[in-house]
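J.: Sequence:
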Amino acid sequence: MSSPIVNILIIGGGPGGLSTASTIVRQSHSTIIIDSGSYRNDASPMHTVPTWDHRDPHEFRAAARKDLERYGCVEVVKAEVASLKKTDEGYFEATGTKGEIWRGHKLILATGVEDIMPDIDGYADCWVSGIFHCLFCHGWDERHAPSSGVLAQGDLASALVSLHVARQAIRLTPVTTIYTLGNEQLANDIRAASSAPQIKVDSRAVKKLTKSPEGAKVTLQFKDGTSYTEGFLSHKPQFKLKGPFAEQLGLDKTPQGTIKVDPPFNQTSVKGCFAAGDAANIFQTVTQAIASGTASGGGALFQFQAEVLGQKGFL
475 MSSPIVNILI IGGGPGGLST ASTIVRQSHS TIIIDSGSYR NDASPMHTVP
525 TWDHRDPHEF RAAARKDLER YGCVEVVKAE VASLKKTDEG YFEATGTKGE
575 IWRGHKLILA TGVEDIMPDI DGYADCWVSG IFHCLFCHGW DERHAPSSGV
625 LAQGDLASAL VSLHVARQAI RLTPVTTIYT LGNEQLANDI RAASSAPQIK
675 VDSRAVKKLT KSPEGAKVTL QFKDGTSYTE GFLSHKPQFK LKGPFAEQLG
725 LDKTPQGTIK VDPPFNQTSV KGCFAAGDAA NIFQTVTQAI ASGTASGGGA
775 LFQFQAEVLG QKGFL
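Under the working numbering, think of the first position of the sequence shown as 475, with each following residue one higher.
Calculated directly from the structure, the hints in this document are not laboratory data. Treat the hints with care, since some could be wrong.
DEER-style ranges, computed between Cβ atoms [said to hold, decoys possible]:
hint, residue 1, residue 2, range
1, 722, 641, 33 to 43 Å
2, 545, 641, 42 to 52 Å
3, 730, 517, 35 to 45 Å
4, 608, 665, 21 to 31 Å
25 Å max Cα-Cα, derived SDA-like pairs, lysine to any residue [what the hints assert, rightly or not]:
hint, residue 1, residue 2
5, 540, 564
6, 734, 777
7, 714, 726
8, 560, 480
9, 572, 501
10, 786, 510
11, 674, 756
12, 681, 756
13, 727, 510
14, 552, 702
15, 716, 533
16, 710, 669
17, 714, 777
18, 727, 527
19, 734, 572
20, 540, 527
21, 716, 702
22, 745, 710
23, 691, 519
24, 727, 756
25, 745, 782
26, 710, 518
27, 710, 526
28, 685, 631
29, 786, 776
30, 540, 496
31, 716, 621
32, 734, 674
33, 560, 710
Glycine included, each C-beta is placed from N, C-alpha and C at the ideal position.
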């Protein structure tokens, strides 16, 4: 069943999508937010967000949706989108997994990204509860731990990046160890780049990670039969865009895998399609998502308003 064509269609009901809508409603544009109910930051409290420190992200989203209600021009639909396309008529069409159809003159992708768990036994069981991808979002509450660790794997498998993370870790624990997971050359590169006594290097191969029931502690079981327990581990896994939408729309991507956008209004390589939040930025934080949503929402409505009057706008 098709819905009427709204001015702006937003895919994603996280911070990026909600911020986008919060901007659009101030110019009274009909808007639909399609929210899958799946959020990357659901597993832990929010931090670095003024007035929302150490609070539940579910409450944040609920409060943002409540704020939108008074405008009367936004509909939030709980559904999952299967496909997106730009029609020959120039508007965008979203098809849901149950056959629903939504249409909008402008489209904003705030779909986020998915983390790809590395092939390390036990990693997924420790993720978020003991392995932290960001030491601004996590870690401060474990600051009394005697030590922590950094997994130099994937995007962290270089001296430059692993030491960048280690320098943050030693603000929270007296000592941190960079584990190179059997990579001797990387271990030597890190040792050559750092003589700081509070940053250690361990090149042993890891067999398994086990989450302790106590705090954020994680036990590393090495292939040599020994083990060691850290207060927490730091590691940012690789990610992929959530959903097939960039491919379906033919959007350009950055070398890092995010949707390529044109600042400041975050229009993609397809005119009329904008992107916000983690899907369009390598700095994947709530505050960044909120800021980019404001810009994307502004860009979409500026473009639409100019087109309606047959005038030339900024985009």
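J.: Of all the hints given earlier, name the ones this structure violates by number, lowest first.
T.: Violated hints: 3, 5, 9, 10, 11, 12, 14, 17, 18, 19, 21, 22, 31, 32 and 33; rest satisfied.
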